[in-house]
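Asker: So the chains spell out like this:
There are 2 protein chains.
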Amino acid sequence: MSDVPHMSAAEFRRQGHAVIDWIADYHERLESFPVLSQVGPGDVRAALPADPPEVGEPFADVLADIETRILPGVTHWQHPSFFAYFPANVSGPSILGDLLAAGLGVQGMLWATSPAATELETHVLDWLATLLDLPDRFRSDGAGGGVIQHSASDAALVALLAALHRVTDGRSEHEGVAGGRFAVYTSEQTHSSVAKACRIAGLGSDSLRLVDTDPRTLRARPDRLRALIDADRTAGVVPVLVVASIGTTGVGAVDPVAELAAIAHEAGAWLHVDAAWAGVAAVVPELHWLNDGLDAADSYATNPHKWLLTNFDCDAFWVADRTALVGALSILPEYLRNAATDSGAVVDYRDWQVPLGRRFRALKLWAVIRCYGGEGLRAHVRKHVALAAEFATWVRTDDRFELVAPPSLSLVTFRLRAGDDATRALMDAVNGSGEMYLTHTVVDGTTALRLAIGSPWTEQRHVRAAWELLRARA
Amino acid sequence: MSDVPHMSAAEFRRQGHAVIDWIADYHERLESFPVLSQVGPGDVRAALPADPPEVGEPFADVLADIETRILPGVTHWQHPSFFAYFPANVSGPSILGDLLAAGLGVQGMLWATSPAATELETHVLDWLATLLDLPDRFRSDGAGGGVIQHSASDAALVALLAALHRVTDGRSEHEGVAGGRFAVYTSEQTHSSVAKACRIAGLGSDSLRLVDTDPRTLRARPDRLRALIDADRTAGVVPVLVVASIGTTGVGAVDPVAELAAIAHEAGAWLHVDAAWAGVAAVVPELHWLNDGLDAADSYATNPHKWLLTNFDCDAFWVADRTALVGALSILPEYLRNAATDSGAVVDYRDWQVPLGRRFRALKLWAVIRCYGGEGLRAHVRKHVALAAEFATWVRTDDRFELVAPPSLSLVTFRLRAGDDATRALMDAVNGSGEMYLTHTVVDGTTALRLAIGSPWTEQRHVRAAWELLRARA
Ligand SMILES: Cc1ncc(COP(=O)(O)O)c(C=O)c1O
Ligand SMILES: Cc1ncc(COP(=O)(O)O)c(C=O)c1O
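Read top to bottom, the protein sequences are chains C and X.
Numbering-wise, the numbering used here puts 268 at position 268 of the first sequence, and it's gapless, one number per residue.
Numbering-wise, the numbering used here puts 67 at position 67 of the second sequence, and it's gapless, one number per residue.
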């Protein structure tokens with residue numbers, strides 16, 4: 001039998017140092033790249049050999065190919081002039097925390113399969129709850145607790161499953177959703193992940209009720225929620241879940257959580273709050289109002305992988321009552337039984353999520369919180385909020401432009417008064433330049449551009465340059 | 001506004017090199033640790049400060065704490081004497097490929113958000129299909145294609161959603177599953193992820209039909225599947241999905257895929273194959289029989305993160321008809337629209353999975369395939385299969401022990417003839433020693449131990465030592 005060509009420890013050190021240096025260099029030369037990749041469909045594949053190699057190649061060749069074959073096809077999310085979608089931050093501590101997770105290679109599906117993976121996760125989510133000043137009900141020392149989900153989409157899905165479990169007294173586990181007619185409520189501004197969750201959970205899109213928003217603020221209207229729920233109950237449809245957003249994807253609107261929660265609870269429904277992007281901003285005391293109403297929420301999700309310097313994937317998800325969640329998702333086959341689980345004294349996170357296996361994701365969040373500290377995280381959020389406010393003042397000074405909504409945290413939504421076609425042409429022009437990247441949304445039937453600030457490398461000069469480019473191409 | 005305390009490039013290099021060296025050292029001293037963590041519930045948390053730091057700390061302190069506060073709570077999945085569950089491999093190329101993904105920090109939800117992330121993934125899954133000699137129908141140049149899922153559990157879930165989409169002609173998207181009565185079929189040996197998928201998809205556990213297995217081989221019995229399906233159809237229940245296993249979790253049984261597929265298709269159901277652990281072994285020509293019947297499968301999943309040297313998470317999932325999958329999962333809100341998507345010329349992987357966001361996971365698999373080459377991957381699999389065969393011969397020589405099933409690839413299932421209590425006591429004794437770690441299952445009502453070989457560091461002497469320890473404590 002031929003020997004297995006594992007990378008030697010010496011080679012791992014050598015190549016590992018080279019990769020670390022490559023990343024440091026990459027971050028230092030981010031501005032030399034066009035933000036938005038300029039390749040066409042198929043270009044990247046065309047540069048790759050059709051067949052896998054028969055004989056192993058040196059890792060150095062892979063690294064060299066990153067430069068020549070991969071980078072041209074990369075849209076640089078870390079670029080200081082990346083203003084598209086919502087940001088997806090990385091930072092030194094996060095990259096290194098994630099690297100430690102890769103090196104340890106533990107799989108934390110059960111407490112027993114690596115107690116530290118579970119306990120550090122519980123602990124760090126308590127820390128984050130402290131930093132964000134979340135209500136005590138989400139802390140692990142009561143009936144609630146936090147867990148890292150892959151994404152806010154997974155969070156919405158498991159919230160729906162927990163809600164179904166609760167509203168059916170656990171019957172949904174056996175009968176599925178065929179036994180009743182169920183409805184989910186959320187605003188028309190809510191992220192599509194909620195509609196996707198309805199589909200995945202077998203409710204279908206017909207079960208989703210879109211709550212009208214106030215045309216000025218784009219916040220969900222409680223009176224409309226109440227009317228929809230009343231109509232459903234009259235028709236024998238069971239309200240399962242209301243999803244409120246803190247920071248909608250389009251314009252960053254913040255729903256009146258407390259009012260929506262009261263209506264949801266009166267009807268026996270679960271209240272989930274999706275604060276995927278905006279939630280982490282509550283690390284700053286002057287933005288604690290973002291949490292208004294959370295003490296009535298059944299579950300809450302925000303993504304450190306968006307705006308809190310932590311590598312994708314890291315969605316922080318809390319429930320006030322973990323038994324509903326575990327009830328919805330726990331199945332214990334013999335081969336996963338173990339003394340710790342049987343004792344009931346530990347958390348097995350596999351029962352809090354869709355997948356079974358789990359990476360040690362708490363390490364990167366732990367590294368971020370420790371290396372920035374509360375102080376550093378606050379400075380990070382404040383900087384972006386201030387930059388967005390400044391950008392908004394510039395938009396106000398140019399008659400050709402208008403703000404679609406007041407800036408929300410680090411997001412500014414604006415358009416050309418000349419109309420949709422002009423606005424879209426402007427977007428294509430600036431994105432095609434490679435000098436910046438921003439995306440659009442449609443608000444009230446008209447196209448608007450979104451400038452979302454989030455890269456750790458973004459300084460005032462980048463926002464200024466973006467504005468100059470927008471003006472020049474308008 | 002105070003400055004944000006980002007890690008400087010120089011500090012990132014310094015700390016990054018230190019982490020790389022720490023990982024190399026860790027892998028070199030794996031044998032100095034007890035395989036199974038010896039901490040009790042709460043021990044890890046008790047060693048952590050109750051509150052997050054207010055002022056940032058040096059990363060070096062985090063690294064130091066890994067050693068003192070985290071490692072005692074780690075069960076060492078990479079330890080050469082880790083024989084529990086199924087393995088979850090890491091390797092140098094995979095760790096470094098993953099590190100590159102962390103440094104690039106791109107989010108590949110759409111082709112447009114980083115074309116290279118999508119195209120490399122498609123390309124590498126074609127490569128893997130070549131290496132595993134999978135049927136052409138799964139390749140991306142036809143109607144099919146591959147994607148990296150988080151886990152085999154996610155793969156089973158999305159297969160079920162695609163199956164529902166197909167069997168209802170897309171009505172399930174709107175109506176959910178309440179409009180019909182649906183059933184899913186799989187053997188009683190199948191992994192619990194299929195039952196979990198039924199729950200998540202709103203079918204409930206009542207929809208799951210467990211197909212009897214042949215008591216000798218533990219393979220699903222086609223005649224029993226046919227009987228269950230016939231009974232359901234007579235009762236007006238619609239067969240949606242049949243899941244066949246290649247390598248069951250308990251004993252590594254391989255279902256007769258072709259026969260099950262024929263019955264499934266006759267009834268209009270989808271045939272998904274879960275080969276989470278065993279599938280990658282088909283990289284070896286003498287194990288190509290593992291793929292028997294795959295040319296009739298609608299979808300197929302195997303985990304490079306189990307036994308193909310690739311860090312968690314990396315489940316390789318292929319479909320023969322991607323339109324059903326995308327039909328089940330695609331929702332296109334305005335803010336995700338872009339020219340490339342509208343052109344139809346590209347793949348947007350967000351429509352192939354539960355979450356929206358995606359990490360650049362293809363990099364690590366690409367690095368593994370390139371650095372090992374077909375040759376290296378074959379040597380890796382062959383080595384473990386040979387070690388398991390050897391272990392089985394030893395078991396056969398000791399009258400106190402018996403094999404529960406013939407060894408399956410790198411998995412040996414065995415027990416003490418003295419019965420369940422003795423077998424469990426033996427497991428607890430060897431696991432408590434810290435010298436090795438293996439887990440149990442129940443076969444036909446009796447407890448059996450599973451020795452699953454998978455760590456790249458496992459040599460004959462480790463398997464030998466495991467056997468000596470088992471004999472000594474028996
Ligand atoms: C408000 C909101 N919710 C949910 C999501 C989905 O995020 P994820 O990729 O974590 O599922 C987004 C993504 O931008 C979002 O803006
Ligand atoms: C046969 C089989 N299928 C599925 C799984 C689930 O794996 P994952 O953690 O990737 O969901 C396992 C895990 O051991 C398995 O053995």
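Honestly, the hints are just simulated from the structure, not real lab data.
Heads up, a few of these hints could be off.
It does not matter which identical chain is meant; a pair holds if it fits inside one copy or across any two.
[Stated by the list, open to error] Only pairs whose alpha carbons sit at most 20 Å apart, straight line, appear in this in silico DMTMM-like list of lysine to aspartate or glutamate:
(1) Lys383 with Glu286
(2) Lys383 with Asp295
(3) Lys383 with Asp43
(4) Lys383 with Asp3
(5) Lys383 with Glu459
Asker: Now look at each hint and say whether the structure bears it out.
Answerer: Against the structure, the hints:
In the homo-oligomer, the alpha carbons of lysine 383 and glutamate 286 lie at most 20 Å apart inside one protomer (13 Å), although the nearest pairing across protomers, at 60 Å, exceeds that limit. Taking CA atoms no more than 20 Å apart as the test, lysine 383 paired with aspartate 295 passes in neither setting, with 28 Å inside one copy and 56 Å between copies. Taking the closest pair of Cα atoms, lysine 383 and aspartate 43 never come within 20 Å of each other, the shortest separation being 38 Å inside a single copy and 38 Å across copies. In this homomeric assembly, lysine 383 and aspartate 3 come within 20 Å of each other (Cα to Cα) only across copies, at 8 Å, whereas the closest approach inside a single copy is 54 Å.
For the homomeric pair lysine 383 and glutamate 459, the shortest alpha-carbon distance inside one copy (9 Å) is at most 20 Å, but the shortest distance between copies (54 Å) is not.
The structure fails to meet hints 2, 3 from the earlier list, while all remaining hints are met.
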